[in-house]
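Novice: Can you build the whole structure from these sequences, using the hints too?
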Amino acid sequence: MKILEVSNLTMRFGGLTAVDSLNLSIEQGEILALIGPNGAGKSTAFNCIAGVYAPTDGKIEFNGEVINRKKPWDLCKMGLARTFQIVKPFASKSVLYNVMVGAFATTDKKDEAEERALAVLKTLHFEHRKDSRSGNLTIADRKRLEIARALATRPRLLLLDEVMAGLRPSEVDEMVEVIQLLRSTGVTIFVIEHIMRAIMALSDRIVVIQFGKKIAEGTPKEIASNENVIKAYLGDEYGAA
Amino acid sequence: MTGKDAVREPLKSEVNRMDNIDDSEALRNRIRKVSLLLIAVVAFGLPLVMRSPTYLHIVILIYFYAYLTTSWNMVGGFAGVLPLGHAVFIGAGAYTSTVLFLQYGISPWIGMLIGGLIATLIGLLIGLPTFKMRGAYFALATIAFAEGVRVMVENIEFLGPFQLNGPRGLQIPPLDIGFANFMFANKEPYYYIILIMLILVIGLTWFISQSKLGYYLNAGGEEPEAAMALGVNVSRAKLIAMAMSSFLTALAGTFYAQFSMFIHPKSIISLDLSFEIAFIALIGGRGSIAGPILGALLLRPVSDFSRIYFGDVFPGLHLVIFGVVLILVMIYQPRGIQEPLTRIYDRIVDRLVEKYRKGVA
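From first to last, the protein sequence lines are chains F and S. Mapping to the numbering used here: the first sequence position 32 is 32, numbers consecutive. Mapping to the numbering used here: the second sequence position 131 is 131, numbers consecutive.
Cut-off 27 Å, straight-line C-alpha distance, at most; resulting in silico cross-link-like pairs (DSSO-like, lysine-lysine):
| no. | chain 1 | residue 1 | chain 2 | residue 2 |
| --- | --- | --- | --- | --- |
| 1 | F | K59 | F | K213 |
| 2 | F | K214 | F | K71 |
| 3 | S | K132 | F | K93 |
| 4 | F | K130 | F | K77 |
| 5 | F | K77 | S | K212 |
| 6 | S | K212 | F | K122 |
| 7 | F | K93 | F | K109 |
| 8 | F | K109 | S | K212 |
| 9 | F | K231 | F | K221 |
| 10 | S | K212 | F | K110 |
| 11 | S | K132 | F | K77 |
| 12 | F | K70 | S | K132 |
| 13 | F | K71 | S | K212 |
| 14 | F | K109 | F | K122 |
| 15 | F | K70 | S | K212 |
| 16 | F | K2 | F | K70 |
| 17 | S | K33 | S | K358 |
| 18 | F | K70 | F | K214 |
| 19 | F | K71 | F | K2 |
| 20 | S | K355 | S | K33 |
| 21 | F | K213 | F | K2 |
| 22 | F | K109 | F | K71 |
| 23 | F | K130 | S | K212 |
| 24 | F | K93 | S | K33 |
| 25 | S | K33 | F | K109 |
| 26 | F | K130 | F | K110 |
| 27 | F | K77 | F | K2 |
| 28 | F | K77 | F | K59 |
| 29 | S | K212 | F | K93 |
| 30 | S | K33 | F | K110 |
| 31 | F | K110 | F | K71 |
| 32 | S | K132 | F | K71 |
| 33 | F | K70 | F | K109 |
| 34 | F | K231 | F | K213 |
| 35 | F | K221 | F | K2 |
| 36 | F | K214 | F | K2 |
| 37 | F | K130 | F | K93 |
If you are wondering where the hints come from, they were derived from the structure by calculation, not from laboratory data.
Specialist: Right under this line is the structure:
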């Protein structure tokens with residue numbers, strides 16, 4: 001069953017077409033990666049799906065329901081959660097407080113929210129930091145906090161926007177483990193990522209975009225040997241080789 | 001030591017440590033309860049000791065400002081915006097109850113609630129278009145609205161059937177003294193009324209800060225985009241806070257009208273009043289529960305005494321002092337004076353707990 005289906009998604013900012021008739025779909029339980037050079041329109045596509053921008057054209061379906069004009073908070077309650085590329089913790093508050101804000105999406109009671117938040121922190125092996133002020137966390141922990149908050153909203157589809165950028169290799173490995181763990185709990189995952197090692201290890205399928213258009217789609221293996229992709233990343237001369 | 005003991009011993013000490021944590025936590029709670037009780041006893045007993053009406057008047061105004069600032073804090077503190085026109089709600093409350101009382105003989109207690117509802121409507125009216133603005137723009141919009149209302153009231157003799165008297169304001173003749181008319185011959189009843197109002201509004205603030213709404217307001221105030229992605233309808237949360245804040249602020253307006261028996265636009269819809277509330281909050285500590293109270297305790301006496309002693313030679317001196325204090329606080333304690341004071345309190349409690357433990361051992 002398709003959990004997300006994007007057809008002909010187009011987003012224009014004035015004269016700039018950031019996303020140009022993009023088509024993609026995600027199966028329930030899958031990990032799909034969206035990659036592309038800087039400025040390819042990955043984050044814009046994410047923002048359209050997450051309800052931050054209303055797309056200029058096209059259709060986005062989540063669980064068979066068109067969600068083009070839905071607001072981020074409504075989407076969150078429908079089970080679509082996201083993280084931000086530039087992390088946005090509620091800096092003056094503790095980690096637990098941050099995660100509880102997410103947990104309140106599906107409950108009104110404070111005790112219940114706290115219980116769920118603690119459970120999420122435990123799953124992510126993040127419990128020991130629960131009382132830390134989130135503004136004082138390392139970048140790796142902040143990224144983990146982004147995931148924890150999103151997870152606390154009990155999503156069915158999780159959009160991860162570059163959760164590994166800026167991490168050390170060992171931290172990347174940890175993050176890959178975390179994401180695999182999430183998938184095993186039944187969450188469908190859609191990632192934007194630049195770190196190829198992680199992408200190759202994680203994803204079931206990869207969609208590559210450049211200048212807002214899809215240039216390739218396939219399994220990690222297919223993508224790694226795709227001529228268009230090599231050209232997009234390394235330049236025209238390499239494509240022939 | 002056998003291998004089994006090597007495992008068991010650290011475990012035992014761990015368990016002991018946990019017990020101690022529970023113990024000291026309970027102790028801390030007890031200390032907190034006792035100090036709150038002490039404050040309550042002092043607050044309720046004060047009029048029995050302090051017989052001077054002048055001083056009582058000053059204390060009543062401290063409570064009045066603490067109440068106003070706590071109400072303001074729901075929007076200005078938790079929701080992370082800076083409303084600078086709260087005097088308009090005080091005006092709405094004061095004028096509504098006073099007009100209803102003078103012209104229709106309706107008890108100010110009822111007028112108080114009606115004024116609150118009218119203020120809520122005004123609050124929503126201001127909030128709907130302005131909560132999309134950020135930072136200074138929101139502050140400016142609220143100033144503009146409040147000033148606009150003041151100028152209007154100053155120029156309106158009759159609003160439909162209601163007599164507002166323009167710049168001359170309204171005077172409540174002290175004829176039918178009694179609880180039903182919210183009018184008393186001495187200061188003590190006013191003292192207890194505003195004290196109880198203050199306690200209730202602090203309780204409400206505490207309750208909100210512990211609820212979903214409190215979490216949502218804080219989250220939306222700090223990082224609106226992240227909050228929205230986590231399911232928070234930020235503008236709705238802010239509107240709810242604004243509605244409550246304007247309702248509660250209006251109640252204080254009625255209190256002030258009944259307390260001073262005379263209201264006019266310059267006294268209750270003035271920018272000075274709006275600013276003073278914000279000053280108290282910023283200096284005391286925005287977004288904290290103790291901040292508005294500490295701020296009022298510190299700044300109100302400054303304001304009153306500078307008026308008493310320098311009123312004729314240097315009017316407005318208190319605003320100069322506020323400005324200097326605000327600059328100093330913003331430089332050295334950007335989270336207000338509640339932060340160092342809370343730290344001191346914690347340290348004292350720590351020492352007490354330590355002493356108690358040593359005493360037990």
